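Novice: In the order they appear, the protein sequences are chains H and C. Mapping of the first sequence onto this note's numbering: position 312 corresponds to residue 312, and the numbering continues sequentially without gaps. Mapping of the second sequence onto this note's numbering: position 141 corresponds to residue 141, and the numbering continues sequentially without gaps.
Treat the hints as calculated values from the structure; they're not laboratory data. None of the values given here were measured: they were computed from a predicted structure. For every residue, glycine included, the Cβ atom is placed at its ideal position computed from N, Cα and C. Hints may contain errors.
What the hints assert, rightly or not - Going by beta-carbon spacing under 8 Å, a handful of chain C positions derived as facing chain H:
{"id": "1", "residue": "Gly74"}
{"id": "2", "residue": "Arg78"}
{"id": "3", "residue": "Pro81"}
{"id": "4", "residue": "Ala91"}
{"id": "5", "residue": "Pro330"}
{"id": "6", "residue": "Val332"}
{"id": "7", "residue": "Ser333"}
{"id": "8", "residue": "Tyr349"}
{"id": "9", "residue": "Val485"}
{"id": "10", "residue": "Glu489"}
The primary structure of each chain is shown beneath.
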Amino acid sequence: MPPLLPATGADLDHAAATIAAARRVLVTGLVGAAVADAVAACDLAEALAAAFDPGAPETARVTGPTVARIGGVTAVPAELRDRADLVIFWFCDPRRADATFLDRFVAPALPGPRGRRTIAVGPHDVAGDGAAHRHVALPGEAAIDAARLVEAAATGIDLETLAADGPLRSAADAVAAAVAAASCVAVVTDWAADPTGLGPWSTASLVRRLAGRRPAFEVPLGERDDAAVAVGTWRYGAAGAIEVADRAGGRFLPAEGDAVRLVDRREVDCVVVVGTPTPQVNAALARAGDAIAVVRLAPPLADVARRIAAARSATGTVA
Amino acid sequence: MSGPAVDRIVLAGGTIHDPANGRDGVVDDVWIEGGRIVPRPAEATVFRRIDARGLVVMPGGVDLHSHVAGPKVGFGRRIAPQLARRTDAPAAVPTIHATGAAYTALGYTTVFDAAIATSAATLAHAELADLPVLDKGIYLLAADDTAVLAAVARDDARETRRLLAEAVAAGAGWGVKVANPGGPAFWRDAERARGRGDHHDLDSAVPGLDVTPRLLLERLADAVRDLGLPHPLHVHTANLGLPGNWRTLLETMRSLDGRGAHLAHVQFHSYTGGDLDEGSFGSGVAPLAEFFNTHAGLTLDVGQVLFGDTVAMTGDSAAAAHLAEATGVPWVSHDLHLSGGCGVLPVAYREKSLVHAWQWAIGLEWFLSVDDPWRVALSTDHPNGAHFTAYPHLMQLLGDAAFRREAFARIHPAVRKRSPLRSIDREYTLQELCIVTRAAPARIAGLTHQGHLGPGADADVTLYRPDPDLARMFSMPARVYKRGVLVAEDGHLRAAPVGATLAATSRE
Numbered sequence: 001m002p003p004l005l006p007a008t009g010a011d012l013d014h015a016a017a018t019i020a021a022a023r024r025v026l027v028t029g030l031v032g033a034a035v036a037d038a039v040a041a042c043d044l045a046e047a048l049a050a051a052f053d054p055g056a057p058e059t060a061r062v063t064g065p066t067v068a069r070i071g072g073v074t075a076v077p078a079e080l081r082d083r084a085d086l087v088i089f090w091f092c093d094p095r096r097a098d099a100t101f102l103d104r105f106v107a108p109a110l111p112g113p114r115g116r117r118t119i120a121v122g123p124h125d126v127a128g129d130g131a132a133h134r135h136v137a138l139p140g141e142a143a144i145d146a147a148r149l150v151e152a153a154a155t156g157i158d159l160e161t162l163a164a165d166g167p168l169r170s171a172a173d174a175v176a177a178a179v180a181a182a183s184c185v186a187v188v189t190d191w192a193a194d195p196t197g198l199g200p201w202s203t204a205s206l207v208r209r210l211a212g213r214r215p216a217f218e219v220p221l222g223e224r225d226d227a228a229v230a231v232g233t234w235r236y237g238a239a240g241a242i243e244v245a246d247r248a249g250g251r252f253l254p255a256e257g258d259a260v261r262l263v264d265r266r267e268v269d270c271v272v273v274v275g276t277p278t279p280q281v282n283a284a285l286a287r288a289g290d291a292i293a294v295v296r297l298a299p300p301l302a303d304v305a306r307r308i309a310a311a312r313s314a315t316g317t318v319a
Numbered sequence: 001m002s003g004p005a006v007d008r009i010v011l012a013g014g015t016i017h018d019p020a021n022g023r024d025g026v027v028d029d030v031w032i033e034g035g036r037i038v039p040r041p042a043e044a045t046v047f048r049r050i051d052a053r054g055l056v057v058m059p060g061g062v063d064l065h066s067h068v069a070g071p072k073v074g075f076g077r078r079i080a081p082q083l084a085r086r087t088d089a090p091a092a093v094p095t096i097h098a099t100g101a102a103y104t105a106l107g108y109t110t111v112f113d114a115a116i117a118t119s120a121a122t123l124a125h126a127e128l129a130d131l132p133v134l135d136k137g138i139y140l141l142a143a144d145d146t147a148v149l150a151a152v153a154r155d156d157a158r159e160t161r162r163l164l165a166e167a168v169a170a171g172a173g174w175g176v177k178v179a180n181p182g183g184p185a186f187w188r189d190a191e192r193a194r195g196r197g198d199h200h201d202l203d204s205a206v207p208g209l210d211v212t213p214r215l216l217l218e219r220l221a222d223a224v225r226d227l228g229l230p231h232p233l234h235v236h237t238a239n240l241g242l243p244g245n246w247r248t249l250l251e252t253m254r255s256l257d258g259r260g261a262h263l264a265h266v267q268f269h270s271y272t273g274g275d276l277d278e279g280s281f282g283s284g285v286a287p288l289a290e291f292f293n294t295h296a297g298l299t300l301d302v303g304q305v306l307f308g309d310t311v312a313m314t315g316d317s318a319a320a321a322h323l324a325e326a327t328g329v330p331w332v333s334h335d336l337h338l339s340g341g342c343g344v345l346p347v348a349y350r351e352k353s354l355v356h357a358w359q360w361a362i363g364l365e366w367f368l369s370v371d372d373p374w375r376v377a378l379s380t381d382h383p384n385g386a387h388f389t390a391y392p393h394l395m396q397l398l399g400d401a402a403f404r405r406e407a408f409a410r411i412h413p414a415v416r417k418r419s420p421l422r423s424i425d426r427e428y429t430l431q432e433l434c435i436v437t438r439a440a441p442a443r444i445a446g447l448t449h450q451g452h453l454g455p456g457a458d459a460d461v462t463l464y465r466p467d468p469d470l471a472r473m474f475s476m477p478a479r480v481y482k483r484g485v486l487v488a489e490d491g492h493l494r495a496a497p498v499g500a501t502l503a504a505t506s507r508e
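Here chain H stands alone, though its shape is the one from the complex (with noise of 0.2 Å):
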C-alpha cells in the first residue's frame, strides 16, 4: 500500500499522471471521512468519470438491503445512556472499539428510580458479572440463530417447537426474560466486518420485533462510512457500488459495481484510495498486486481533487 499524500507536493504530480493514464478509475476508501471530504472525493469522481463506492460491503450495513427489506431501529450512544434500562451486547465488545464506551455510555446512572441492567451475549463478558451484568456465553456463530430465537421468545413462540439446542434456548429465554422485565431496551452491535450481511438483518429484525412492544433500538458500532454513505446517497440515490459516478445520472449496482469485486475483476486499473480503505479493499488490492495503480490521498481534499482533475484533463483522457 503506498503512502498517504499530502495535500501539496511534488508527489502529487505523478499521483496526478497515475491517475491520468488510467483506463478506469475507483474512488474508494471513504470510512471515517467528513462529510466535506466525502463531498471532495464525489466531485473527484464524477470529474474522472470514476466508478465510486465508500468501501464497507452494502451488504454490512444496516442501511443497506436491510433497510430496504425489513427497516431498521438505530439511535446513537447517548439514547443508550438516557433511556435504557436494560443494554445487551450482542456478540460485540464496545471496548474494542471504544475503550472508554462503558464508561461514558453505560456507567452513568439513568435518571429517576431506574436501575441499568446489562447482558453480554455472545463470546464476550464485556463487563464481568454482577448483580446488574450477566454474560450469556455463546459461539460467535451462534449469533444468528440465537437472535432469530430471542425474537421468538420475545414474540411468545414456544421455542420447544424450534429446533434449537439447549445452550441456545436458555440463553433466548434468559434474553427473553430480561427484555420483558425492561421499559428500554438497546441492543449493541458490531457487524462493520460481516460479509454476508445476515448479521444486521437478523439485529434489525430483533430489534423491530421489540420496538413493537416496547422502546427498543439498535446503537450499530464498529467502522462507519457514515457521511459517505449520505453524500453518495444524496448524489446517486444509493450508498455505494456506483458504476460510474454522475449526479445527472450514476447507476447503482450493488452486485457487480462494489470496491471489492471491481478490484478482483480487474474492472479497474486505477484506485484511488481516499484515507483508510477497509480490511476487505485492502486484501482485494493485495490480491490484485501490481495489476492496478493504487494512489492513496489524506484529506482535505478539495484542492487536491481539483488539481488531479485538471491534470486528467490536461491529457485528453478524461471519459
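With chain H fixed as given, assemble chain C onto it according to the hints.
Specialist: Quick look at chain C alone, frame taken from chain H:
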C-alpha cells in the same frame, strides 16, 4: 455604469398573474435587470426583448412544505429501491440534483424542507448546497430539543427564546417546527404509553415534564413570534393519521388563535371516527374549515394525497411507527428517541382503498372549503402525500370541476356516498392557482423577494402556455427564469446556478 446586456431583459407582452401586486391576467412587460424585477426603464433599448406574447407569466413557484434533504430523505431514497429506479415515474425520493432539476422544470424556484433536526442541519445544508437552481430553507425541529422543552415547561419565556434563537442561528434555519408536540416523550414513556404511545389529547401532561402539549404549542408560538422570525411556528400537531384527530386539530387551532401559526398538512389531521372503525372514519373538514375561515391569524398547507406509490417520512416517528404497524411494511426510525428523529416507510395510496380515498377527498375538500386562498399553500407534503411532480395534476383537480368529478367517480364507493366533495363545484381560477402555488406560500413563509413580480423582487419568473388541460399547462412551462437566468425551457434544464440559502435572523 451599464452591466452586460444579458443582465437586462424584458419579457414582453405576456399575460401576467401577479396577485401580490393586483395583476390578474394583465398583458404587460416584465423588466429584469441584475437578477431583479425593475420598473419600466426610461432607457428601454438596452434590454434584450424576449417575446412572451400568448404566454401566462407567473412568479416562480414556492413550495412551503416539502422534504428534500437530510437524513430522513437519504433513508427514503434507500428504503424502497423499487421506487427509486422505476422507469414510468420519477424516483419517489429523487437525488438532490434530480430534485432541483424536476422542481425547476415545473417552474418552482424556492423550496423549504419542513423537518430538519437541529443536529442534522449541517448535513442538510451540505446536501442542499448540491441542489441546483432553487433557493432553499429549512425548518428546524428545535422545539423538540430537550432543553427547549424543559424551558417551555418551566414557562421560562426568555430561556425558550434564547435556545430557539441559538438553534436557528447555529442551524441556519428559516423557521421553527414542532412535530407532534410532546409526542416523543409520550412514545418513549413505556409505562404510561402502554404501547406505541401516540394517542393523547392536548391536555395530558407530557411524561417527565410539568406541561401539556397545548401549553407547549402556545408557548412555542409566542416565542417564535417574539423572536421576530419571518415564518410563524410551523405546527404538525398531535395524532397525525389517527381516526378522530379532527378534534386535536380544532383544539390546536383554538390554542394558536391570536398567536399566529402555520398548520402543516392538515389533511392528515382531519379525520372523524374511532379506532379502526371504518364505518365512522370520514371527513372532519367542515367544522375545521368553519373555524379556520373566521380566524385570520392562521395559515395552512394541505398535504394532499394523490394515488400512487411513494415514501412517507415524518419528524413524528410515533406516527411512522403506527403506520408501519398497521401496514406491515419495512420502516426506519433513525435515532429513535432523540429529539427530532424521523420515521421513514414506503406507502401505496390506492383509489379503491377506503382510507386512501378519504384522504384524497379530505385534502381536496380542504382546498375547496377555505375562503381565502392567501392563507393556503398548495402541497402534497412531498413525498408523503404524493410526489411534487404531481402538483400539475392537483392543480387540475382544483381548477377543473369536470376533471375532479371524473376522478371522484373512480374512488371507493363509500367515500363517494359520504364525502362532502361530491357537492362542491368550486373551481380555482388561474389567479387562485397562482396564489396557492407562489404568492401565498411566499407571503406565509415571510419572503419579501419571492412570490411576486413587483419592482425589487427576485426575477424568478415562470412562463406557461395557456391550456384548458391545466395539468398539461403546469407540468411543462415554456420557460423558467431564476434571478433573470433562463434555467429551464420546455422541460429541459438550461442552466444550474446555485440558489441562495434562506437563513433567518432573530431579534435575540
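Novice: Take the hints in turn and mark each one as holding or not.
Specialist: Results for each hint:
{"no.": "1", "hint": "Gly74", "verdict": "holds, 4 Å"}
{"no.": "2", "hint": "Arg78", "verdict": "holds, 5 Å"}
{"no.": "3", "hint": "Pro81", "verdict": "holds, 5 Å"}
{"no.": "4", "hint": "Ala91", "verdict": "holds, 7 Å"}
{"no.": "5", "hint": "Pro330", "verdict": "holds, 4 Å"}
{"no.": "6", "hint": "Val332", "verdict": "holds, 5 Å"}
{"no.": "7", "hint": "Ser333", "verdict": "holds, 5 Å"}
{"no.": "8", "hint": "Tyr349", "verdict": "violated, 20 Å"}
{"no.": "9", "hint": "Val485", "verdict": "violated, 19 Å"}
{"no.": "10", "hint": "Glu489", "verdict": "violated, 17 Å"}
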